[in-house]
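One point on numbering: in numbering that gives the first Met the number 0, the residue at position 29 of the sequence shown is 28, and numbering is uninterrupted.
Hints listed in this document are in silico derivations from the structure and should not be mistaken for laboratory results.
In this text the structure is predicted, and so the values were computed from the model without any measurement.
For glycine and all other residues, C-beta sits at the position ideal for the given N, C-alpha and C.
Among the hints, erroneous ones may be present.
Unchecked claim - Lysine-lysine pairs mimicking BS3-like chemistry, simulated, CA-CA at most 30 angstroms apart:
hint : residue 1 : residue 2
1    : K73       : K60
2    : K73       : K111
3    : K60       : K262
4    : K191      : K111
As the list claims (entries may be wrong) - Here are the in silico distance ranges between beta carbons for each label pair:
hint : residue 1 : residue 2 : range
5    : V42       : L149      : 21 to 27 angstroms
6    : N178      : R155      : 18 to 24 angstroms
7    : T118      : Y62       : 19 to 25 angstroms
8    : Q160      : F109      : 45 to 51 angstroms
9    : D122      : I38       : 41 to 47 angstroms
10   : D9        : F151      : 18 to 24 angstroms
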Amino acid sequence: MGRWGWEIYDSDAGLGFLDTITDFLEREFAFWMIPEQRIGMDVTLWLSNTLPVLEIMLLLKEYHPAAYHIRDPKTVQRWRGEFLSVWDSDWQDTVKNLSLFVGVYGDNVFRKQHRSFITAIFDHFESTAHSWGDDAEPEIEIPLPLEYTLPFFSVRHRTNQNGESIIIVEQFIYQLIENLEREIIYRLSLEKRAHLYSYDEIWIAVDLVAFLCESYQISARVNQPVVRKWRDTMIEIWEEQEARELYQNVMRAFDRLESVAQKHPPMFQ
0 MGRWGWEIYD SDAGLGFLDT ITDFLEREFA FWMIPEQRIG MDVTLWLSNT LPVLEIMLLL
60 KEYHPAAYHI RDPKTVQRWR GEFLSVWDSD WQDTVKNLSL FVGVYGDNVF RKQHRSFITA
120 IFDHFESTAH SWGDDAEPEI EIPLPLEYTL PFFSVRHRTN QNGESIIIVE QFIYQLIENL
180 EREIIYRLSL EKRAHLYSYD EIWIAVDLVA FLCESYQISA RVNQPVVRKW RDTMIEIWEE
240 QEARELYQNV MRAFDRLESV AQKHPPMFQ
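Let's have the full structure, built from the sequences with the hints guiding it.
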């Protein structure tokens, strides 16, 4: 596997693993953009499934330039049409149904208020697709509005019964974090570690879990001793540590996740 630098993503294996994550997100979003998935489905539920994927795609694209591969602007144009056909429709959910979701997508006033951000997101994606296209003339990438901070739609700050501020996110975010943690556990397991061709996938999964938890200000649902155990096992099985710069960057990724575990410990330990 080729490596051209000492940052944790500077290798074929590292970017290959990042590709699997971004490809999964793009397939997930494309799945929800199929008309058959939208027709007959509760529209608020449909939005609660699509918006988290859309925002994580944006977050990862801003985090690492290689985390985005949509090359066809017509794909983005079709997605925009499908999405806005729901967002712009004149419908209003009941108060009871609205309480079931993180976002207030079912509120017609909310959708009208933030429509400009939705269209800006798709403009941003389309301009990037043009700039990456092999046959397209390079275009200036359209930036996102400065008045919005990601994540916006897929997270809510609320107050619980004790008057404490809590953060609630859509379930998809936790599912993605859990899948990344399973990759870490699987690759560090006794059954798998002896057959690994590279360790890049482990430390990139660690870095992405830390990044997502920091972005959403949520728990990774693992405690500090677990992260330390992962790091100790990583050091134990890592045979080639002569590249000190890479070693230091890998340790920073684990330190970052340990910091998340300290700041946002799991509810049950």
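Against the structure, the hints:
1. K73 - K60: holds, 19 angstroms
2. K73 - K111: Since the Cα atoms of K73 and K111 sit roughly 25 angstroms apart, the hinted pair holds (cutoff 30 angstroms).
3. K60 - K262: Holds - the C-alpha atoms of K262 and K60 are around 25 angstroms apart, at most 30 angstroms.
4. K191 - K111: Violated, because 51 angstroms separates the two Cα atoms, which is more than 30 angstroms.
5. V42 - L149: 21 to 27 angstroms: holds, 23 angstroms
6. N178 - R155: 18 to 24 angstroms: holds, 23 angstroms
7. T118 - Y62: 19 to 25 angstroms: With Cβ atoms ~23 angstroms apart, the hint holds.
8. Q160 - F109: 45 to 51 angstroms: violated, 24 angstroms
9. D122 - I38: 41 to 47 angstroms: violated, 26 angstroms
10. D9 - F151: 18 to 24 angstroms: Roughly 31 angstroms apart at Cβ, these two residues miss the hinted range, so it is violated.
In summary, the structure is inconsistent with hints 4, 8, 9, 10 from the numbered list given earlier, while agreeing with the others.
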